[in-house]
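Chemist: Residues per chain, in single letters:
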Amino acid sequence: MKKIAVLFVMFGLISFGSNAQKASVADQVEIKTSAVCGMCKKRIERDLGLTKGIESANLNLDDKVVTVKFNPKKTNAAKIKQQISKIGYDADEVVANQKSHDALPDCCQKTAKAHVD
Amino acid sequence: MKNIKILVFILLASADLMAQNVQGTVRDKSSAGLPGVMVHWKGETAGTVFSDEKGQFSIAKKTDNQFLVFKMLGYSPDTVLVSGDGPLTIILKEETSDLNEVVVKTRASSIDALSPLHTEIINAKTLAKAACCNLSESFETNASVSVNYADAVTGSKQIQLLGLSGLYVQSNIENIPSIRGLASTFGLNFVPGTWIQSIDLVKGTGSVVNGFESMIGAMNVELQKPDNSEKLYLNIYANHLGRGEVNLNLSRKLTPKWSVGLLTHGSALKTNIDNNGDGFLDLPKYDQVNILNRWKYSGERFMAQFGVKMLRDTRMGGQKGFESRGSTPGLYGFTNKTNRVEFFSKTAKLFPEKPYRGLGLILNGTWHDSESYFGFKPYLATQKSFYSNLIYQDIFGTTMHTYKTGLSFQADNYDEKYGAILLKRNELIPGAFFEYTYNYLDKTVLVAGIRSDYHSIFGNQISPRIHFKQEVGKNDTWRVSFGKGFRVPNPLAEYFGNLVSSRQVVFVDPIAPEVSWSLGTSWIKNMGKYTISGELYHTRFEKQQIADMEHPGYIYFYGLDGKSRTTSALIELNYGPSNNWEFKAAYRFIDSKQTLGKPNGENVLVEKMFLNRDRVLLNAAYALPYDKWKFDLTLQWNGKRRIPNASPTYDHMSYQNMPYETAPAFANLNGQITRTFVNWDIYLGGENLTNFKQKNPIFDPGNPFGGNFDAGMAWGPVVGITVYSGVRYKIR
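Taken in order, these protein sequences are the chains called A and B.
Under our numbering, think of the first position of the first sequence as 17, with each following residue one higher.
Under our numbering, think of the first position of the second sequence as 31, with each following residue one higher.
Honestly, the hints are just simulated from the structure, not real lab data.
Yeah, the Cβ is synthetic: ideal placement off N, Cα and C, and Gly gets one too.
Fair warning: there could be bad hints in the mix.
In silico SDA-like pairs for lysine to any residue, Cα to Cα no more than 20 Å straight-line [said to hold, decoys possible]:
1. A/Lys58 / B/Lys155
2. B/Lys315 / B/Pro731
3. B/Lys658 / A/Lys115
4. B/Lys514 / B/Tyr466
5. B/Lys760 / B/Phe707
6. A/Lys95 / A/Ser116
7. B/Lys101 / A/Ala128
8. A/Lys58 / B/Asp711
9. A/Lys126 / B/Lys300
10. B/Lys300 / B/Asp317
11. A/Lys80 / B/Thr75
12. A/Lys90 / B/Phe707
13. A/Lys115 / B/Arg282
14. B/Lys283 / A/Gln125
15. B/Lys261 / A/Leu120
16. B/Lys283 / A/Asp118
17. A/Lys58 / B/Pro731
18. A/Lys85 / B/Asp657
19. B/Lys261 / A/Asp118
20. A/Lys97 / B/Phe707
21. A/Lys58 / B/Tyr466
22. A/Lys58 / B/Asn709
Output of the computed footprint for chain B on chain A, the stretches with three or more beta carbons under 8 Å from beta carbons of chain B [claimed, not checked]:
23. 66-75
24. 82-96
Model the full assembly from the supplied sequences, consistent with the hints where possible.
Modeler: Written out as structure tokens, the structure is:
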């Protein structure tokens, strides 16, 4: 049983350790995207959230602006825009990667009208 | 078809109103908040708002419009009449495109809040917690299901639910009875984990619609569908013992209506592992190839899917150095070759203008062939099966009163040969069923069903079942189930692991159906971050096939003559202090007794073997947003259990006051770490980290052709710590 207790403690420490990473100083950038709907929002937030150096991403569907918090030591605004382009969306002056854009579901493509699903 | 049910219920909670806004929360049926749901007034998409991470929304009130529309991809849209001033609670149901009860969810594991049956949903996310590897290994983090270690040689696994064998759980794959008959030996090993979309586990008797065999529970496994899964999903897995797996799922949308999917699996273990030094391989060497090809058409008025499944599994175990019966005749070997081909089709006629109406037909044909040798003793078995189920559903007046009715037909042809024992059976079972559902706002739901099945050998069987759900206040749900079920056993396939022994198989009585009544109740209490649930189930057998292993050297199969009853209780606490943490603690108690003694002309109520009375499960999970890092740790503690008396001097004379032997309690720890990237995951995990091993899982391993040899007595893990790692790559 001792072994188990030790493992549980280790587990806790590891988790807190990774939690502590979040406490670093973050920069923030706002980028206008070509997102269309809720699906786009989910996709952009998840993919950015899992990208190196990015701590959080929040897209406002009213003005299509994504607010990204990131660690300036690991990434920068230009890289983040490139990443958004790779996901398939315009990011300010950076145009969406055509291949990624075409792979998006029809409802998320730039030609899609504002829609309700 | 879920669409027929009322899609939402509105809780007009305490008036906490803001004059200008309509506020509320959108949830899925597990009560988890649904983020990103589009909310707008009917006919006016301007001013659309979205629900936040918790599923909460707030939209400006309109004087001229009272209908709010809720939409989200993958969920059925819903329109709600806003009356009253309190905050709304809207439950969106997952969109389903055929008669299946498909469930896709984001939360790890939960109780289906809408179902009147006590249904646990295990989704792909939970399955990913314990990466390895197939259906038999999918219940590691589940408190109610435990996996039995059947024997120390063949690698076959069986589950146990509510203190009874998984044989009494109707195990369907996409509503087709699949893990039954000869497939009950290795069937759970034949469903690769990466193919699974979700598992629904009903405790207590199941619905009459899906068949007569759900005596104590029902499990339905939904596999990945071509129209809503990744274009490509590749999984590679390896463990330090040398087991390797490759899973590749492909899906393609051909036209807006047609899609095609291919699920493939290949795995093998080719190393000789004998860590306990008894001369026997701890795990059989094996290889498996498993393929499923499915075509799906989904139109507005017609749905169809059909496909073919093919499986080939070869395994070899026994004494180290065994090559074949011819080349190494002095060594004991176990070999098995299984080939299985299956065809299925599911079609449904829909009525878009009357969404509560539906007509569905399921067809399935299976050929299963298994060739095994236990030492020099052959067991050759073939099963040919055909299954069809025709279901019609409609309402009486309003959707408060719905019904399902239909006809089923099951045909099974068994041809088994074990040594000199020949078992041949041809069963034809036409059946009819009717199930009525009363549903008052999803708060009070009553399901009353009855089915009648005419078995060509054993005559007519009537199975009535009743399920009831009542929501008490906002946070409590009470469920009751009661009903009857039956099945026809296949003793050799079901006690396959016990055949790796010198035990002589004796059929005291011919094979006869097993009939049981099961009564159960559960109470679930939601208290914000805490969920507490308590369950109590009791099963009594009217008729049962007993496998008696009290006499060393024999397995007696005979019909129950007296009582057989099992009671199980479970109490489970779930605690989610934050979005990152989740904890689970559960305690399960079982009391199971059977009447044994026919071989001696006695009738004695005896505690069931190989069953531990107590079990504790603790699970802790930690995840960063988007599961960037995910940690999972599960501890199981299994109490003492009765095992056969193996003392060489033991002479079994009477069932009265038998000397009992007990196996010790043991704990088991599993853990996994997963790192998620945009398109791929990588995981590292360990099983049995406490390194507990049953000391002598095989009796008399030095003398396998002698009279005391028995490898069917495993009650605990045979291999120690197992470390594994793997990657998952997805193209969406």
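Chemist: Hints first: check each against the structure and report whether it holds.
Modeler: Verification of the hints:
1. Only pairs whose Cα atoms come within 20 Å are accepted, and lysine 58 of chain A paired with lysine 155 of chain B is accepted, the gap being roughly 17 Å.
2. Using a Cα cut-off of 20 Å, the hinted pair lysine 315 of chain B and proline 731 of chain B holds, with the two alpha carbons roughly 18 Å apart.
3. For the hint pairing lysine 658 of chain B with lysine 115 of chain A, the CA-to-CA distance comes to about 26 Å; that exceeds 20 Å, so the pair is violated.
4. As the CA atoms of lysine 514 of chain B and tyrosine 466 of chain B are separated by approximately 17 Å, the hinted pair is consistent with the 20 Å bound.
5. A distance of roughly 10 Å separates the Cα atoms of lysine 760 of chain B and phenylalanine 707 of chain B; the hinted pair therefore holds under the 20 Å criterion.
6. For the hint linking lysine 95 of chain A to serine 116 of chain A, the alpha-carbon distance of about 17 Å falls within 20 Å, and the restraint holds.
7. Between the alpha carbons of lysine 101 of chain B and alanine 128 of chain A the distance comes to roughly 17 Å, so the proposed pair stays at or under 20 Å and holds.
8. Under the criterion of a C-alpha separation no larger than 20 Å, the hint pairing lysine 58 of chain A with aspartate 711 of chain B is consistent with the structure, at around 18 Å.
9. Taking the CA atoms of lysine 126 of chain A and lysine 300 of chain B, the gap is about 52 Å. The hint is violated against a cut of 20 Å.
10. Annotation: proposed proximity of lysine 300 of chain B to aspartate 317 of chain B holds, straight-line Cα distance about 8 Å (limit 20 Å).
11. Between the alpha carbons of lysine 80 of chain A and threonine 75 of chain B the distance comes to roughly 17 Å, so the proposed pair stays at or under 20 Å and holds.
12. Restraint check for lysine 90 of chain A and phenylalanine 707 of chain B: the C-alpha separation of about 16 Å stays at or below 20 Å, so the hint holds.
13. Annotation: proposed proximity of lysine 115 of chain A to arginine 282 of chain B holds, straight-line Cα distance about 17 Å (limit 20 Å).
14. For the proposed pair lysine 283 of chain B and glutamine 125 of chain A, the alpha carbon gap of about 17 Å is at most 20 Å, so the pair holds.
15. A C-alpha spacing of about 12 Å is found between lysine 261 of chain B and leucine 120 of chain A, which places the hinted pair at or below 20 Å, so the restraint holds.
16. This hinted pair checks out: lysine 283 of chain B and aspartate 118 of chain A have alpha carbons roughly 15 Å apart, not beyond 20 Å.
17. Simply put, lysine 58 of chain A and proline 731 of chain B have alpha-carbon atoms about 58 Å apart, too far for the 20 Å limit, and the pair is violated.
18. Annotation: proposed proximity of lysine 85 of chain A to aspartate 657 of chain B holds, straight-line Cα distance about 17 Å (limit 20 Å).
19. Restraint check for lysine 261 of chain B and aspartate 118 of chain A: the C-alpha separation of about 14 Å stays at or below 20 Å, so the hint holds.
20. A hinted pair counts as satisfied when its Cα atoms are at most 20 Å apart, and lysine 97 of chain A with phenylalanine 707 of chain B qualifies at roughly 18 Å.
21. Between lysine 58 of chain A and tyrosine 466 of chain B the CA atoms are separated by roughly 40 Å; this puts the pair beyond 20 Å, and the hint is violated.
22. With a C-alpha separation of about 15 Å, the suggested pairing of lysine 58 of chain A with asparagine 709 of chain B holds against the 20 Å cut-off.
23. With 3 residues having a beta carbon nearer than 8 Å to a beta carbon of chain B, the segment 66-75 of chain A meets the requirement of three or more and the stated coverage holds.
24. For the segment 82-96 of chain A, the proposed coverage by chain B is not satisfied: 0 residues have a C-beta within less than 8 Å of a C-beta in that chain, short of the threshold of three.
Of the numbered hints stated above, those contradicted by the structure are hints 3, 9, 17, 21 and 24, listed in ascending order.
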